[in-house]
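K.L.:
So the sequence lines, in the order shown, correspond to chains V and D. Position 152 (the first sequence) corresponds to 554 in our numbering; numbering is contiguous. Position 96 (the second sequence) corresponds to 498 in our numbering; numbering is contiguous.
These are computed hints drawn from the structure, not numbers from a lab. Computed from a predicted structure; not experimentally measured. A couple of the hints might just be wrong.
If chains are identical, the list can't say which one is meant, so a pair holds when it fits in one copy or spans any two.
As the list claims (entries may be wrong) - The calculated lysine to any residue pairs, modelled on SDA-like cross-linking and capped at a C-alpha distance of 25 angstroms, are:
| # | residue 1 | residue 2 |
| --- | --- | --- |
| 1 | Lys486 | Pro511 |
| 2 | Lys486 | Pro514 |
| 3 | Lys486 | Glu504 |
| 4 | Lys486 | Ala417 |
| 5 | Lys486 | Tyr451 |
| 6 | Lys486 | Thr521 |
| 7 | Lys486 | Gly562 |
| 8 | Lys486 | Asp570 |
There are 2 protein chains.
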Amino acid sequence: MTAATAPDLLALDRAAQDLLFRAARTANTFTDEPVTDAEVAAIHDLIRYGPTAYNGQPLRVLLLRSAAARARLLPHLSSSNRAKTASAPLVAVLAADVDFHERLPELYPHRPQARDWLTDRATRVEQARFSATLQIGYLLVGVRAAGLAAGPMAGFDAAGVTREFFPDGRHEALLVMNVGRPGPGSWRDRLPRLTTGDVVRTL
Amino acid sequence: MTAATAPDLLALDRAAQDLLFRAARTANTFTDEPVTDAEVAAIHDLIRYGPTAYNGQPLRVLLLRSAAARARLLPHLSSSNRAKTASAPLVAVLAADVDFHERLPELYPHRPQARDWLTDRATRVEQARFSATLQIGYLLVGVRAAGLAAGPMAGFDAAGVTREFFPDGRHEALLVMNVGRPGPGSWRDRLPRLTTGDVVRTL
């Protein structure tokens, strides 16, 4: 499989492949053009169809739009992530709703008893993290589908962010993500990717 | 935001939106048309560009193509998942490489010391699970980008599958996924989705 032929085996057209994956990059600077609530809603309206276990959809998104909210986040980020987060047009805290099971009778109506399979909190936390993380994968694709660049950041104190923004004890912060249009010097060099031979084995 | 206007706010064209999310569904039956290694490579060649923490790319994919390999998997699945998995053209076990840090000097060359931040196995397991799960989100989108249907299954004994297929102790099975072209009666009714108002809050 050469790089020249692989794209042609896909049903998705090449422009969409580029938009979502091949030409898409993690942004490190942003222009000051705002990301509107209508854009956020359009992204969510697309990616909400992605599958989750029990159709539980535990991802919750907290947009930090006010200066005060942004200021509460910055101390929990690694120092290298602070400047870009302070200046990004939109910052989202992505979290899992650990009590997502409460809505299963509505979301998984053919097996309403699924709620009762998840009465153990530790099991539920694991399920919430897993499905919400899948949904973050869909969301990253959705941000790019809107013509925007995402800047996901693993470098933050997740427990600190959880305490700061989710004192209800029913959410866990999983990722902080900047969103906007890439600014000057936004790109670092593309880092190497593993090959199919590295990743895929057959039995 | 009405459903009629949201798609038009996206840069991704409507056909691609439908292919990847709006019209895509979890398949429960499959035709017997094979899924080729070339298709698998084309999917991986697309989704390998998705971002991961430290560019660590911990997802590993084990394709169960032989009857013997398939037979080893079935006892670890919930009974409702066995028949469709026995007959799917392709079954993949999706796993996290817990020792992904060993390749960081190559994958994250500007900070080769990242490998040493991950000497603690518990930290590494958490990172491997998180990034591999993000990658499963990208992979699901990639399967659909290839015009195929995915059938992800949470109903399986993850510890049992890990022991059965990854006795090296350096991998954790996260999901089992059938892949193919949808067969007769493949779709159940679309389950309800949360609204943007349910999921997104602003501070």
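K.L.:
Now look at each hint and say whether the structure bears it out.
P.N.:
Evaluation of the provided hints:
1. Lys486 - Pro511: between (43 angstroms within a copy, 22 angstroms between copies)
2. Lys486 - Pro514: between (44 angstroms within a copy, 23 angstroms between copies)
3. Lys486 - Glu504: Result: close neither inside a copy nor across copies, 37 angstroms intra and 29 angstroms inter.
4. Lys486 - Ala417: neither (28 angstroms within a copy, 34 angstroms between copies)
5. Lys486 - Tyr451: between (31 angstroms within a copy, 22 angstroms between copies)
6. Lys486 - Thr521: Neither. Shortest intra-copy (40 angstroms) and inter-copy (29 angstroms) distances fail the 25 angstroms Cα cut-off.
7. Lys486 - Gly562: within (19 angstroms within a copy, 43 angstroms between copies)
8. Lys486 - Asp570: Cα proximity of Lys486 and Asp570: none, with 29 angstroms in one copy and 41 angstroms across.
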